[in-house]
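> Between the sequences and the hints, there should be enough to build the whole structure, so can you do that?
Here the protein sequences come in this chain order: B and F. Okay, so the first sequence: first residue is 1 according to the numbering used here, each after it adds one. Okay, so the second sequence: first residue is 1 according to the numbering used here, each after it adds one.
Pairs of lysine-lysine residues, derived as DSS-like cross-links and limited to a Cα-Cα distance of at most 25 Å, are as follows:
no.: 1; chain 1: F; residue 1: 209; chain 2: B; residue 2: 10
no.: 2; chain 1: B; residue 1: 443; chain 2: F; residue 2: 437
no.: 3; chain 1: B; residue 1: 10; chain 2: F; residue 2: 433
no.: 4; chain 1: B; residue 1: 447; chain 2: F; residue 2: 437
no.: 5; chain 1: F; residue 1: 221; chain 2: B; residue 2: 363
no.: 6; chain 1: F; residue 1: 218; chain 2: B; residue 2: 362
no.: 7; chain 1: B; residue 1: 447; chain 2: F; residue 2: 433
no.: 8; chain 1: B; residue 1: 105; chain 2: F; residue 2: 296
no.: 9; chain 1: F; residue 1: 433; chain 2: B; residue 2: 459
no.: 10; chain 1: F; residue 1: 432; chain 2: B; residue 2: 455
no.: 11; chain 1: F; residue 1: 437; chain 2: B; residue 2: 454
no.: 12; chain 1: F; residue 1: 432; chain 2: B; residue 2: 447
no.: 13; chain 1: F; residue 1: 433; chain 2: B; residue 2: 455
no.: 14; chain 1: F; residue 1: 437; chain 2: B; residue 2: 10
no.: 15; chain 1: B; residue 1: 105; chain 2: F; residue 2: 221
no.: 16; chain 1: B; residue 1: 459; chain 2: F; residue 2: 432
no.: 17; chain 1: B; residue 1: 443; chain 2: F; residue 2: 433
no.: 18; chain 1: F; residue 1: 221; chain 2: B; residue 2: 10
no.: 19; chain 1: F; residue 1: 7; chain 2: F; residue 2: 278
no.: 20; chain 1: F; residue 1: 221; chain 2: B; residue 2: 362
no.: 21; chain 1: F; residue 1: 202; chain 2: F; residue 2: 433
no.: 22; chain 1: F; residue 1: 437; chain 2: B; residue 2: 459
no.: 23; chain 1: B; residue 1: 28; chain 2: B; residue 2: 283
no.: 24; chain 1: B; residue 1: 105; chain 2: F; residue 2: 432
no.: 25; chain 1: F; residue 1: 218; chain 2: B; residue 2: 363
no.: 26; chain 1: F; residue 1: 437; chain 2: B; residue 2: 455
no.: 27; chain 1: B; residue 1: 459; chain 2: B; residue 2: 105
no.: 28; chain 1: B; residue 1: 105; chain 2: F; residue 2: 437
no.: 29; chain 1: B; residue 1: 454; chain 2: F; residue 2: 433
no.: 30; chain 1: F; residue 1: 432; chain 2: B; residue 2: 10
no.: 31; chain 1: F; residue 1: 285; chain 2: B; residue 2: 105
no.: 32; chain 1: F; residue 1: 218; chain 2: B; residue 2: 10
no.: 33; chain 1: B; residue 1: 105; chain 2: F; residue 2: 433
no.: 34; chain 1: B; residue 1: 454; chain 2: F; residue 2: 432
Derived by calculation from the structure, the hints in this document are not laboratory data.
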Amino acid sequence: MGHYEAPIRKPLVTGNKTYHQISVDVAKPIEGQANKQWWIVFSISMVLFLWGVGCMIYTISTGIGVWGLNKTVGWAWDITNFVWWIGIGHAGTLISAVLLLFRQKWRMGINRSAEAMTIFSVMQAGLFPLIHMGRPWLAYWVLPIPNQYGSLWVNFNSPLLWDVFAISTYLTVSLVFWWTGLLPDFAMIRDRAIKPFQKKIYSLVSFGWSGRAKDWQRFEEISLVLAGLATPLVLSVHTIVSFDFATSVIPGWHTTIFPPYFVAGAIFSGFAMVNTLLIIMRKIFNLEDYITLQHIELMNIVIMITGSIVGCAYITELFIAWYSGVEYEQYAFLNRATGPYWWAYWAMMTCNVFSPQLMWFKKLRTSIVFSFIISIVVNIGMWFERFVIIVTSLHRDYLPSSWTMFSPSFVDIGIFLGTIGFFFVLFLLYARTFPVIAQAEVKTILKSSGDNYKKLRDKNGK
Amino acid sequence: MFTLTNKIKTFSIALIVLGLLGIAYGFYSAPSTIEEAKQIVASSHHDDGHASSYDDHSNEDKGHDEHGDGHEMSHDEHVFHQLANRPWAAIYVAAFFFFMISLGTLAFYAIQRAAQAGWSPLLFRVMEGITGYLLPGGLIVLVILLFSALHFNHMFIWMDPEVVEHDEIIRNKSGYLNIPFFLARGVFYLAGWSLYRYLSRKFSIAQDKANDNSNHIKNFKLSAGFLAFFLVTESMMSWDWIMSIDPHWFSTLFGWYVFASMIVSSITVIALLTIFLKSIGYLEKVNDNHMHDLAKFMFGFSVFWAYLWFSQFMLIWYANIPEEVTYFITRLEDYQLPFFGMLVMNFILPFLILINSDFKRLNWMIVTAGIIILIGHYMDVFNMIMPSAVGDQWFFGIPELGSVMFFSGLFIYIVFSSLTKAPLEASGDPFKKESEKFVY
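Take a look at the structure:
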């Protein structure tokens, strides 16, 4: 990567940092004690998580009947949550892989936490199909394993099976990518550790990183290869999730724009979640010099772009439903907008299409409070999007006598809240034990993008 | 400053003249009565011009057959329309293809500006040269559409009041598919795109001699606005100008699919033109790193195109709903060679050639891949338009070749002329130095 940077680019590391100062800042949350706020949030998350575990146990021991599903709406809350979490998981890989290929230096302040978020949210997503199986101890049956039941094989024609392959591959590659990036940072923590136990643990997880030139050369090479692999993977995951719906012949589900539009929506919600997490984290851990306003503004712009793409897809679907002249297709969309679930549709439209357009105003997209609010709004909107696609398309099927409504049971809600709790438990533990900024990478851009070096260069007139 | 050499001028004018001859031959040989059409079919049946059988009309032009309400157009009349459409469709495919290259380049250029890209400012003038074709190319497309609207041909069957009267499906769409609104939309799209092209070019040249970055900032804002406009109008343009040729068929992905074809062809042309200009001694600051980046985009968007192609094809094939699947049945039955050929040329070959890092830095490799990509995407446009316009009466012959020659000649002439109008280096761009110094 070239080290020259145009003077009009804004600094990505502020606060006159030196290499040593970066190490100190990044190691601080790990080496210090957890504060009260951390414990409060952790306890709340833990309670939610445990409540969710209780609901899961209740579901599995009693049966799927404890959910709000009925004969017409046989797929609702669980798959909505599944797609929601999977979608959130897209931002991490996008930031780490796609932005790496595009040589975007601003990714370095945020990629570590975004990737952690990816892995944790894919884990939440994976729980839903697992529980929905009813007998999760037979989950390995989704894999094409040679068996003694005669010709009992998985259905290779089913997009649900493709999901199994896509998501497990994605999780594996994301995990490897994340850990590869962590190696030099873990080694930095290891080298600073005073207590033998910590030293032992961080030695183990840093895989004996030595910091020799050869290590770095391999590191750069593998990062590029993994980025190249992860890019089609990140597209494939939500593409195949969209196939779950689009291969069917259900009006509102079968539409060809689904694959790219699901991917755009996933990136949209993922970036919103990154913003939610990082806006809090930078404050609590005093990382404002690494996750600057510039980072937040750029993420807001990504949210605006992907939100516009998603909005364009909504309008396309709506228009083509009319244009197609297919009665069922037309009704599906009319029912979305004006039927009994109109509020879900308009919640989705407001949160996903209208609110990101406010980011056109520089004042708003550089306001921390506003960014935080929008990031929450977008996540709510993207949850409603999946709910609208799934429930409103199903609840009025081809046979009006079976038309019905869906309402979640307390178990449905409990499991969803449980995954939110679980997600935050994992993220909070991560924030206390992992280097939350990719400090080795940030150090590589310090001299080109650090504010002190930029000033020095301006002074010397280069 | 770039000066138009006599060689380029002669070459492009020769292409235009030869192309015109081919186009004229196309019109001359097209039938003007049903009787003539019957004779042509009878003779072509013997010399076996193409593999498909002309008897099987079950899948195309549902507008006439399936929803006829007792209005059965005779088979001969149908073939006559197809054969009479052929020279028009040949012109339209080529006109749209070259127009799409300049429109895609405009979008790529706007993306570079809106993204504040640091690698590409050295190529801005090359892109601006290609977008010089936008307005003339777009006007030609509009004129062809106007001729369709005036019933000189039968490519857009929904423009025929006779057809609409007997076809309920098309009738229900007439709120959108009607001639005045259709033409007005076309003028609106082209006006919007041309306005952006005009203004961004003006700011770009003004920035060359400016003391501050105000023109650059104006261009940044303008480009972001244009991209929002483009996002909507590009899809609508694809529905109007291509999808409506098959007025019963619909696909929500279609607009983005056309975009994928457009952007990969455009980046390819940017790369080819850059290599050519370098080879005759211009753009000395452009180096392998810039070519590498362009080739990466050629590779990436080829894969992206394949992704969208697969998404559209697979979903329609898998669901197998009659309203939709007819589109691909026609292509699989009557267009096997261009249909599968384009998959090889647009995905497999560029993928294999350009996956290697070192190959992306070799000009002759980029040129090889680029030529394959351009032919492949011409075939893509061909596959989008021809099956509905001429059915199984297709052939790549003198009218098609002539049209390609005519429009390539015109394209070359206009693009190179617009290159002469400004320095080839956007010298005042604040990212110019970054673009010079960047290394991959």
